[in-house]
Amino acid sequence: MTHDAIVLGAGHNGLAAAARLARAGKRVVLVERRAELGGLAALEEFHPGFRVPGLQHGTACFQEHVVEALDLHNHGLAWRSRPAEALAPEPDGTGLVFTPGDDALPRGLADRSPEDATAWRAWRAFLADARGLVRDLLARRPPEVRGGLTGLLAAVRPALALRRLGPRGMTELLRAVPMAVEDHLSEYFRDPLLKAFLASRAIEGGFLGPRSAGTTALLLMRECGAGRGVRGGPSELTEVLATAAKSAGATLRTECEVTAISVEKGSVRGVELAGGEKLEAPLVLSATGVARTLLELVPTSGLPSFARYAARHIRARGSTAAVRLALDSPLRWNGREDETFEHARVAACTDDLERAFDRVKHKLPCEAPWLDVYVASAERPELAPEGAASVSVLVHCAAGDLDWTDDAKRALRDKVVRVLDRHATASGIAGEEVLSPTDLRERYALDGGHPHHADLGLDQLFLQRPSPRLSHYATPVRGLFLAGRATHPGSEFLGASGVLAADAALEAR
Amino acid sequence: MKRDWDAIVIGGGHNGLTCAAYLAQAGRRVLVLEKRHVLGGAAVSEEVFPGFTFSVCSYVVSLMRPWIIRDLDLVRHGYQTIPLECSFTPYPDGRSLARGTDSEATRREIAQFSARDAEVYFEYGQAMGRLAAFVKPIIDSPAPQPTSKNPLEILELLRLGKRFRDLPDELFDQKLGLLTMSAVDFLEAWFESDQLIAPMAVSGIIGTFLGVRSPGTAYVLLHHYMGEIDGAFRSWGFARGGTGGVSLSIAGAARAAGAEIRTEAPIERILVEGGAARGVVLESGEEIRAKCVVSSADPRRTFMGFVGAEHLPDEFVADLSRYRYRGSSGKVNLALDRLPEFTCRPGDGPHMRGDIAIGPSVDYLERAYDDAKYGQFSKRPYINMVIPSLVDKSLAPPGKHVMSCFVQYAPYDLEGGAERWPEQREAFGDTVIDTLAEYMPGIRETILHRQVLTPWDLEQEFGLTEGNIFHGELSLEQLAFQRPTAGWANYKTPVRELWTCGSGTHPGGGLMGAPGALAAKEMLRARAL
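Order-wise, the sequence lines are chains A and B. According to my numbering, the first sequence is numbered sequentially starting from 14. According to my numbering, the second sequence is numbered sequentially starting from 427.
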């Protein structure tokens with residue numbers, strides 16, 4: 014065989030997996046369907062001179078353990094000096110400014126609500142207790158509780174870590190995890206804007222509303238997992254990962270579509286490419302969707318029925334749309350004309366978030382979208398012409414089951430711009446692009462058009478991500494591993510799934 | 427004053443009575459004090475209108491633990507259930523579904539919507555039965571405490587973990603899903619027809635402030651299958667004489683064992699001296715002392731109402747304040763001049779003799795929930811109704827009937843405040859009748875009397891905080907070792923000699939008697955009296 018391992022998909026996870034395997038001395042080839050590397054973080058020019066990094070808004074949850082595993086500091090990685098701030102604006106120019114992951118009081122909170130400022134400290138103290146444990150869980154493969162003695166021992170670790178929090182800390186954490194984020198936040202806070210901002214971080218992209226049980230777990234993961242982020246943003250991280258992979262000897266091939274994964278006698282043999290070329294290797298790591306991998310690429314005869322059943326029943330109800338705006342001038346938020354923000358979340362209260370989710374649930378077009386805004390050109394001015402701004406808005410309340418006609422997309426775009434207009438000056442829209450969940454599915458080959466590859470309900474996290482018996486990266490096909498966003502710890506934690514999958518593959522050999 | 431009693435039990439509901447009966451059987455001198463003029467709490471039968479006896483609140487016997495029935499010899503004291511024959515759901519398009527004891531008929535009924543579902547239905551029942559067998563020991567014993575430092579308890583936890591781990595693969599997967607999924611997501615993995623999924627999913631939302639698509643609702647689906655492993659076809663049934671019959675049989679057992687039961691004896695407070703409960707003071711001013719006090723009232727009434735924050739640690743008070751109730755259901759009881767009929771299936775028949783669910787689609791149920799989330803009662807509510815007079819002639823005059831409608835959602839926190847419920851009560855009742863009339867157009871003409879109970883009424887009349895029928899939401903973070911709060915889930919309280927035995931303790935609400943019995947066993951084990 015010419016290769017030791019083939020990696021499918023050049024998103025952050027695919028690149029990280031390739032780098033990890035190559036660093037372990039494997040001869041690795043990575044194949045990518047599109048012309049550019051980066052997957053959901055690849056830079057895309059949506060209007061002449063205006064670019065955004067796909068669907069990836071920032072790198073705040075990029076994990077230290079990935080940096081260490083791949084020695085990224087020696088391949089050009091630099092942390093930001095400080096994390097990117099995020100604005101929760103109000104139309105009247107007031108609002109809050111957050112630094113995700115940071116314990117410091119959000120700017121503006123002391124004035125808006127002194128009680129909430131006090132509660133903030135209590136809430137951060139709770140997070141501080143949980144942080145070590147959560148980060149540890151994010152950095153490891155889920156324990157194989159049914160995998161014999163070693164698996165059991167692996168399960169004892171988090172259990173002991175939990176007990177080390179003391180009876181109070183332990184029960185507080187166990188209590189919070191299955192709660193709806195609305196209930197959790199209401200135990201601490203009153204300010205609707207504060208709650209809406211935090212709740213929106215929990216539910217984004219997940220086919221969830223703030224009243225959905227288990228959303229507190231997501232907030233914990235995202236808040237405890239947040240760090241400074243990578244200098245240069247998602248596309249710079251792509252460069253770093255690609256460099257690390259290449260310098261370790263991995264071959265990266267773009268415009269190279271895999272049409273089938275070959276399986277013989279229960280073991281993977283390699284892949285077939287569009288055009289007929291065949292690549293052989295005893296190891297294949299797929300960073301694309303699980304349903305796509307197991308149901309479309311692996312031949313039916315090659316997979317036991319339980320795995321087909323599991324793959325078919327992974328819920329991936331994509332409900333995110335992207336609206337990209339090319340602005341003539343910087344985005345100026347009301348009352349904050351002198352400041353620049355990379356991130357903003359426009360949502361007034363948790364009921365607005367819940368109502369937006371109601372529409373998704375009933376498969377109806379959204380009426381009042383809440384916005385997840387990323388000004389890509391704020392950190393990297395070269396992504397827009399001088400003096401202009403390149404803005405990506407994700408609308409996480411766009412039902413995937415709709416018939417996304419051009420009219421429907423235009424209507425969504427108009428609603429987004431209306432909301433933006435109330436809070437900021439977004440005059441001079443020079444160009445735009447709207448991507449519906451259907452478009453996302455096609456452009457990025459996403460299962461269900463889902464930016465996270467699979468819903469983020471409690472039943473599809475950790476030991477169950479994406480499904481109980483597929484949660485350890487290995488598949489029933491010997492040598493075939495899952496390394497994409499649908500595996501633990503998932504998409505926020507860029508490249509982490511790729512590294513953990515590669516480790517699992519290396520260990521299995 | 428001499429100590430007359432070993433234990434005073436606050437509340438003559440089924441859990442209070444069960445606790446009293448167990449303590450009395452162990453030879454303790456027990457006094458039960460009930461606020462109302464009748465026993466039973468929310469498991470009560472009352473002649474609300476002359477000649478018409480209603481199971482006013484709880485209306486079917488579901489999970490009554492078989493070992494309690496045996497231990498207390500309840501059958502000898504009049505406990506008798508009449509099995510529900512059928513689960514029936516009508517749909518707006520004129521079709522309907524009756525699932526009953528005859529499996530061939532049930533198969534045909536389901537097949538009108540999906541032949542595949544008709545086959546899978548029985549496979550599903552078997553899988554759920556096997557899973558229920560796994561859960562049974564958990565609801566039949568005190569909750570294991572994960573924070574415990576006691577080696578025996580840690581061993582118990584590990585044993586539980588091992589049992590879980592040793593489940594066969596496919597059951598292990600299902601079990602994990604049940605703990606975390608929504609009822610609809612779970613059922614959609616099995617079935618394809620909305621007409622079947624909707625009526626099956628509703629068991630996940632009864633008494634909760636959640637929708638059928640809310641994560642965490644799948645778990646309760648299991649409860650429907652608990653009965654099968656006890657030998658009978660499910661344990662769902664009508665109690666002879668109404669649900670109060672169950673309470674009265676337990677009261678009979680308690681009395682036979684020597685317990686004394688007083689009604690119309692409302693408690694004003696629990697006497698706390700030197701950090702220990704010494705007895706109670708009635709609203710009448712009468713003071714009764716005992717070695718210990720055990721309350722079957724819900725946590726808020728017990729601790730904030732009868733004990734007072736000044737006798738409790740701050741942390742416990744804070745924990746109790748975040749224990750959530752938010753009742754979501756109401757009851758409409760109808761006295762009928764004659765049997766009403768469904769357009770889709772006219773006349774009497776097995777479909778009338780079981781439980782009848784108005785909740786024709788998942789979307790319908792979700793919309794009902796959506797209304798409640800924003801402080802309105804459902805414009806088109808989910809209704810679960812029974813006509814027990816068809817099988818128990820003692821409940822209504824000849825030819826006439828009682829119909830009991832459990833209605834969800836009726837959120838305690840109405841927009842504008844819970845105090846608005848009295849003025850909304852009749853509008854709520856009208857909504858229920860309007861909804862019924864869509865399927866039974868003639869129903870209005872048959873109604874002689876109606877009783878409408880809103881969550882507000884359930885709180886005022888039955889002492890159910892915020893109208894929650896389970897003494898607190900049955901959400902994952904309020905179960906087992908966290909019910910009602912972490913550290914105090916073993917029937918003990920921060921007040922010495924004060925115990926709890928109501929639905930606000932493990933294993934929670936429903937007509938099962940387990941909290942009362944387990945509390946009594948713990949008290950005896952701890953030599954509390």
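One should not assume that every hint holds.
Claimed, not checked - Selected chain A positions facing chain B (Cβ under 8 Å, derived; list incomplete): (1) His60; (2) Ala117; (3) Ala226; (4) Ala361; (5) Asp364; (6) Asp365.
I should point out that these hints are in silico values taken from the structure, not numbers from a laboratory. None of these values were measured; they are calculated from a predicted model. Just so it is clear, CB atoms sit at the ideal spot from N, CA and C, and this is done for glycine as well.
For this session: Please flag the earlier hints that this structure goes against, numbers listed from lowest up.
Result: Hint check: 1, 2, 4 and 6 fail, others pass.
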